[in-house]
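UniProt numbering puts the first residue of the sequence shown at 1, with every later residue one more than the last.
Hints may contain errors.
Unchecked claim - The calculated lysine to aspartate or glutamate pairs, modelled on EDC-like cross-linking and capped at a C-alpha distance of 16 Å, are: (1) K141 / E154; (2) K229 / D257; (3) K141 / D161; (4) K33 / E23; (5) K231 / E221; (6) K231 / D257.
It is worth saying that the hints were derived from the structure and are not from the lab. Fair warning: this is a prediction, and the values are worked out from it, not measured in the lab.
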Amino acid sequence: MVDTSTTEGGKVSSRFYIVRPEEVISWNERLSKLHGLTYDQLLQLISPNEMAVEFAARYGLISNSMKCKRCGQMMLLWSRNGLDGLQWRCMHVVTKQERRNGRKRNYCSSLSIRHGSIFHGHHLSIADITEFMYLWAQNYKLHEIRLHTHFSSEMSVAWADYMRQIASGFVEASQTPIGGPGIVVEIGRLILYKTRIGEQHPYLIGMVERETENCIIIAIENYTTERLKEKVLQWVLRGTILISDEGTYVDGLNQLDYPIFITETYMERAHFEGYIREFLFRRTFRNGGEFAGIILWAPLLHVP
Numbered sequence: 001m002v003d004t005s006t007t008e009g010g011k012v013s014s015r016f017y018i019v020r021p022e023e024v025i026s027w028n029e030r031l032s033k034l035h036g037l038t039y040d041q042l043l044q045l046i047s048p049n050e051m052a053v054e055f056a057a058r059y060g061l062i063s064n065s066m067k068c069k070r071c072g073q074m075m076l077l078w079s080r081n082g083l084d085g086l087q088w089r090c091m092h093v094v095t096k097q098e099r100r101n102g103r104k105r106n107y108c109s110s111l112s113i114r115h116g117s118i119f120h121g122h123h124l125s126i127a128d129i130t131e132f133m134y135l136w137a138q139n140y141k142l143h144e145i146r147l148h149t150h151f152s153s154e155m156s157v158a159w160a161d162y163m164r165q166i167a168s169g170f171v172e173a174s175q176t177p178i179g180g181p182g183i184v185v186e187i188g189r190l191i192l193y194k195t196r197i198g199e200q201h202p203y204l205i206g207m208v209e210r211e212t213e214n215c216i217i218i219a220i221e222n223y224t225t226e227r228l229k230e231k232v233l234q235w236v237l238r239g240t241i242l243i244s245d246e247g248t249y250v251d252g253l254n255q256l257d258y259p260i261f262i263t264e265t266y267m268e269r270a271h272f273e274g275y276i277r278e279f280l281f282r283r284t285f286r287n288g289g290e291f292a293g294i295i296l297w298a299p300l301l302h303v304p
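Using the sequences provided together with the hints, build the complete structure.
Structure, rendered in structure tokens:
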């Protein structure tokens, strides 16, 4: 952690920060800083876990500073027992009235350094989770990842699912309409990952340009024919030649003014499953940039 001494002359105490503010890597620089990072280099950055906390703050995975939710003042880093060894604590003096109202603590409030981050609520070290993110980005199998980390089988499946959601979120945030006069686009309904019992996921529509392999994925909540037609009109340019499986055609494509050819459902679905699982995310951040892409987009796409 940074030096915890208080400075003179009106300067802010460094205890307000995990790393010095000037050490925080700007969003625009994060890709280049992490591009081509090797596994051994990562381990040097996140071992021991105290360094992993600094790494997370430096790259925006956790907040480098925190304001008190009760009084608005800057909170201080405070040593504590636990996975991270630190917490945020506001030392604003508790009033006598608050004490009379039953408040027992002599400080204003406290928060985990994970508050609002992708690590919040998980009982694994920041080093372990960061290592998992790296190995997943490098396409390691889950059983291989478990050999390197303290993830259980159930936890590794859940985090792999979360990584796919980040990747899919990036794709949705960055994609643009495809197709055009005379361009062939294959379109079909697909499922990227299995749902848990009783859990509902949106339908996912995959669209791939045959010549360029440009691809987009569209999530449709509460799937209906009208919503499918709206999404196709929004994302597929006029004049495009559509190739669809029979099920998607019957679901609403037959009501649109596009030239459409029908293929056998099982052939088309297999093509999409094989292609979409690679994700545009991996295609965008390939050649050593996959982990950098995860680090770049995870804080933006995470919903606390």
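Okay, the hints, checked on the actual structure:
1. For the suggested pair K141 and E154, the alpha carbons sit about 14 Å apart, so the restraint of at most 16 Å is met.
2. Taking the CA atoms of K229 and D257, the gap is about 10 Å. The hint holds against a cut of 16 Å.
3. Simply put, K141 and D161 have alpha-carbon atoms about 13 Å apart, close enough for the 16 Å limit, and the pair holds.
4. Our distance criterion of 16 Å between C-alpha atoms is met by K33 and E23, whose separation comes to about 12 Å.
5. With a C-alpha separation of about 11 Å, the suggested pairing of K231 with E221 holds against the 16 Å cut-off.
6. Note on K231 and D257: the hinted pairing holds, with a Cα-Cα distance of about 14 Å set against a maximum of 16 Å.
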